[in-house]
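2 protein chains.
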Amino acid sequence: MRARHLVVLPVLLLGGACTPAGDSTSDSATETDAVTPMEAASPLMQRAQTLFEIVPVEPPQLADNPVTPVKVELGKKLYFEPRLSQSWLISCNTCHNLGLGGVDLMETSIGHGWQAGPRNAPTVLNSVYNLAQFWDGRAADLMEQAQGPVQAAVEMSSTPERTVETLRSIPDYVSMFGEAFPDADPVTFQNMARAIEAFEATLVTPNSPFDLYLGGDGSALTDDEKTGLALFMDSGCTACHGGILLGGSSYQRFGTVRNPGVELLPPEDRGRFNVTGNPNDEFAFKVPVLRNVELTAPYFHTGKVWDLKEAVGVMGEAQLGKEFTEVERAQITAFLGSLTGVQPEVEYPVLPVHTADTPQPDPWVGLGARPH
Amino acid sequence: MRARHLVVLPVLLLGGACTPAGDSTSDSATETDAVTPMEAASPLMQRAQTLFEIVPVEPPQLADNPVTPVKVELGKKLYFEPRLSQSWLISCNTCHNLGLGGVDLMETSIGHGWQAGPRNAPTVLNSVYNLAQFWDGRAADLMEQAQGPVQAAVEMSSTPERTVETLRSIPDYVSMFGEAFPDADPVTFQNMARAIEAFEATLVTPNSPFDLYLGGDGSALTDDEKTGLALFMDSGCTACHGGILLGGSSYQRFGTVRNPGVELLPPEDRGRFNVTGNPNDEFAFKVPVLRNVELTAPYFHTGKVWDLKEAVGVMGEAQLGKEFTEVERAQITAFLGSLTGVQPEVEYPVLPVHTADTPQPDPWVGLGARPH
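Heads up: the protein sequence lines correspond to chains B and D, in order. Going by our numbering, the first sequence wraps up at 372, each residue one higher than the last. Going by our numbering, the second sequence wraps up at 372, each residue one higher than the last.
Do not rely on the hints blindly, as some may be mistaken.
A pair holds if it fits inside one copy or across any two, identical chains being indistinguishable in the list.
What the hints assert, rightly or not - 20 Å max Cα-Cα, derived SDA-like pairs, lysine to any residue:
#	residue 1	residue 2
1	Lys77	Leu44
2	Lys304	Pro160
3	Lys304	Pro43
4	Lys304	Asp357
5	Lys77	Thr159
6	Lys77	Thr222
7	Lys309	Ala63
8	Lys77	Val353
These are calculated hints, taken from the structure and not from any lab test.
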């Protein structure tokens with residue numbers, strides 16, 4: 001959909017190299033986009049190649065959780081399975097909607113009983129590459145993360161016991177778990193989470209314009225996007241927003257230079273401090289991923305900023321002490337738009353039939369009187 | 001998944017016909033299942049062929065709404081589009097979940113603000129063949145129906161104006177509407193409904209075991225299912241539950257013989273009478289479709305019965321004045337299980353990005369104070 005103009009850059013022949021240095025990331029990009037001799041790596045491209053990594057086309061393998069097709073298929077069903085919630089209304093996909101950049105476009109998510117949760121839902125896309133999960137990193141990986149919302153009173157409001165009872169009551173799930181987990185006891189809460197993790201690991205978005213650029217295609221970015229990229233690197237954004245995800249690899253205090261104010265940083269949410277108890281972690285949060293960021297408004301852990309340009313301005317002031325001009329914000333935002341990759345193709349799963357043994361939905365549990 | 005035993009029936013050669021009479025429905029079945037010479041139409045099969053029709057493999061065309069691929073693709077996006085709701089949380093698929101037989105498995109649907117609606121959600125699957133839409137038939141067709149939930153305060157709680165403003169603010173939707181509707185003014189509330197109708201018309205479930213049986217494959221039903229089919233026809237169920245859908249073709253008073261009681265037939269919901277004002281229509285409802293009925297619990301317009309065998313018992317008493325035995329209920333239920341067809345394959349749509357002009361979500365509108 002994005003209009004791209006062929007930009008002819010001054011060709012700087014560096015040691016005769018007409019393609020980027022043979023780094024480990026260039027192979028995946030050349031599958032989809034051949035480097036032409038005219039588009040030798042410019043200094044901008046070379047610098048970017050040292051700070052960022054291409055999103056691999058193939059999803060990664062997981063430590064201690066071999067990704068197999070049957071496990072991914074099971075995990076997909078579970079990801080879309082509202083019967084994992086007490087109400088039978090909420091699934092992983094409710095708040096991490098694969099049609100909407102892996103988020104729900106809410107300030108903070110709305111769950112069981114229409115209750116609002118405490119923080120904005122981070123995207124599931126490429127989340128396998130995060131150093132840990134949740135804004136405060138309290139889950140080491142996606143397998144641990146997947147167990148949280150099922151039990152959270154304001155999200156799916158169920159319990160591990162009820163979840164397992166539900167899954168065991170559905171013969172098709174029992175046989176799928178048996179295939180995916182050749183254990184003595186395949187249908188467990190942990191294996192449910194392992195299957196969801198295996199599916200989520202496949203939710204990567206390769207081949208964004210920026211990935212093509214990193215792979216050596218100088219025409220993959222527009223002039224504005226390149227100016228934005230240069231500004232992004234020159235201003236110090238890459239201190240936190242580098243690597244594969246342009247984020248997701250460290251915890252940083254929100255407001256290192258200037259406090260962004262109580263609306264964006266309410267004093268009652270002390271971030272990673274709640275996990276570690278370390279005063280240095282007060283108001284620190286996992287640095288958000290910038291991959292697909294144009295799809296995942298509203299921004300910050302409070303979800304209070306809808307406009308990406310405005311969010312760029314907030315970051316400049318709060319983290320870098322810089323007042324970006326209107327033009328600079330627009331250029332950085334243009335660059336951020338180049339981070340939207342090819343979204344995963346997912347066939348909507350047909351879910352297995354429950355039985356008389358399946359615990360029935362109770363949409364009103366924990367809400368006191370039926371609210372409406 | 002269903003275990004099927006080859007049943008050798010007494011072969012009754014009727015006038016030398018080894019295949020069903022050349023009726024208009026047999027062609028679609030023979031595409032997937034050839035009739036072998038041994039499986040000549042039994043009297044049971046012949047009788048069934050006069051009372052029921054095979055679900056065609058190809059979706060039907062619609063009067064005044066040509067079904068085109070681009071319109072279907074647009075309609076699919078709109079079907080899964082939560083931004084048609086005021087909250088950005090509820091889409092058509094929330095209550096008519098294509099992974100769950102086209103329903104939400106709720107007694108009555110839960111919508112905006114976790115409010116419960118007045119009636120059980122009917123399945124969207126094969127709904128194009130209904131004589132009209134909703135339990136009381138108040139919408140003539142799916143195009144009219146699709147306009148209802150978007151506006152209903154307890155469902156999506158939006159307005160036609162807001163919906164059109166939303167769609168017009170999203171450039172990808174504007175271009176898709178332009179392609180789907182080569183009108184002077186393509187992005188309208190009616191065209192939204194037309195696109196959804198076009199997609200919904202594709203949601204048919206052909207090739208159920210019963211369809212294969214109707215197509216001439218005597219081994220497609222088990223003995224129990226055949227006994228159930230015979231009972232179903234002998235008991236008079238087919239007076240209302242015949243045709244393609246085994247229902248959906250007439251309005252009938254619930255409790256023609258015996259009132260099923262206030263839980264199943266609360267006096268405040270007078271059914272079709274609310275539409276026509278005709279006293280003969282008091283407590284009449286559109287006869288529910290039995291296609292895929294094993295997937296669509298709980299049953300009746302109140303959704304008060306979860307067990308299909310129990311629902312069969314209720315129908316026998318209320319509509320026919322018959323007390324089916326436990327064995328008979330099980331046999332009829334076995335037959336009903338043969339009505340589950342091949343579920344539609346749907347690739348989950350990637351939805352277009354909204355813009356600064358898109359009206360933002362308001363999950364709390366109409367709920368008074370923010371409830372939680």
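Each hint, compared with the structure:
Proximity of Lys77 and Leu44 under a CA criterion of 20 Å is satisfied in neither setting, with 43 Å inside one chain copy and 39 Å between copies. For the identical chains of this complex, Lys304 and Pro160 are neighbours neither inside a copy (33 Å) nor across copies (27 Å), given an alpha-carbon limit of 20 Å. Taking the shortest Cα distances, Lys304 and Pro43 never come within 20 Å of each other, neither inside one copy (37 Å) nor across copies (69 Å). Only between protomers do Lys304 and Asp357 lie at most 20 Å apart by alpha-carbon distance; the minimum there is 17 Å, versus 44 Å within a single protomer.
Only within a single protomer do Lys77 and Thr159 lie at most 20 Å apart by alpha-carbon distance; the minimum there is 19 Å, versus 33 Å between protomers. Taking identical chains as interchangeable, the C-alpha atoms of Lys77 and Thr222 are never at most 20 Å apart, the minima being 39 Å within one chain and 29 Å between chains. Neither within a single protomer nor between protomers do Lys309 and Ala63 lie at most 20 Å apart by alpha-carbon distance, with minima of 38 Å and 47 Å respectively. Only within a single protomer do Lys77 and Val353 lie at most 20 Å apart by alpha-carbon distance; the minimum there is 12 Å, versus 26 Å between protomers.
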